[in-house]
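Student: Let the hints inform the model, and build the full structure from the sequences given.
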Amino acid sequence: MKALLAGWFSFEQMGASAGDLLARDVVRDWLDGAGVAYDVALAPPFAGGVDWRSVDADDYTHVVFVCGPVGNGEPLVGLLERFRGRRLVGVDVTMLDDLERWNPFDVLLERDSSRTTRPDLAFLAPPRRVPVVGVVLIDAQPEYGDGDLHEPADAAIERVLAAREVVTIRVDTRLDTNDQTAAEVESLIARTDAVLTTRLHGLVLALKNGVPAVAIDTVAGGAKVSRQAAVLGWPVLRAETLDDAELAAALDRALTDDARAAARASAEGAARLLASVRDEFLSALT
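Okay, so the sequence shown: first residue is 27 according to the numbering used here, each after it adds one.
Treat the hints as calculated values from the structure; they're not laboratory data.
Now the in silico label distances, taken between C-beta atoms and shown as ranges:
id	residue 1	residue 2	range
1	LYS28	VAL103	21 to 27 Å
2	ARG279	GLU184	15 to 21 Å
3	THR282	THR87	46 to 52 Å
4	ARG286	GLY97	47 to 53 Å
5	ARG286	GLU184	20 to 26 Å
6	ASP278	ALA73	22 to 28 Å
As the structure is a computational prediction, the values presented were derived from the model and not from experiment.
Every residue, glycine too, gets a C-beta built ideally from N, C-alpha and C.
Tutor: Here it is in structure tokens:
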């Protein structure tokens, strides 16, 4: 017995969703637990499986189609026709036609059809979380001339992010170039697990909300980001010496519980240092 596990992830440009892949993985776990051999039919951009158009159909006793809408049309019927004579199993699918008119499956455990509705199979997929990383970048700073190193810093950030599985939230703190409010910007930053930033206020708003920041000073020799980091007691990276390994290690540290505790402590320290500024300000006015 050997099964071919297929779905909308088996066809190019057919809108395979996160839910499709989660349902696929649930069925894979079932097959693994039962000791059933199988291949997964995948099409670009998904890799690591087989192409259902080129495999030998005689290698399989079953074809399992998992998740998504199923109707009597291409490309699905081409798959079913190529594996005619194999036992066809539909799992977690939405049947677009009334079952009395069209049902190609020998076994149908549908998500919904003309006869029944079940919860989606993604409910059974083990929760898996990846870090949410805010990215707050400065643009060109012509006031620093040749000392403006934001471009190589930006490139290093993109390489480090591309090398790992994270959710990236791009945050623009410039309110003259977007339609967000300050509260909306701060709320986005506060909901991240860490922030990669070349902006002073990327550093400040992250630490203020207890979010560890990987701060990079993009001015040769250091400028306001370095000075702010120093008064906050927070580490800073320098663009002129930055390499990918250093940046990746800093991001790893920022994603720890210790770093989150340190961010909260830094914010508390900042509040203490600012306690006298109100009184000094009012005194200067009067």
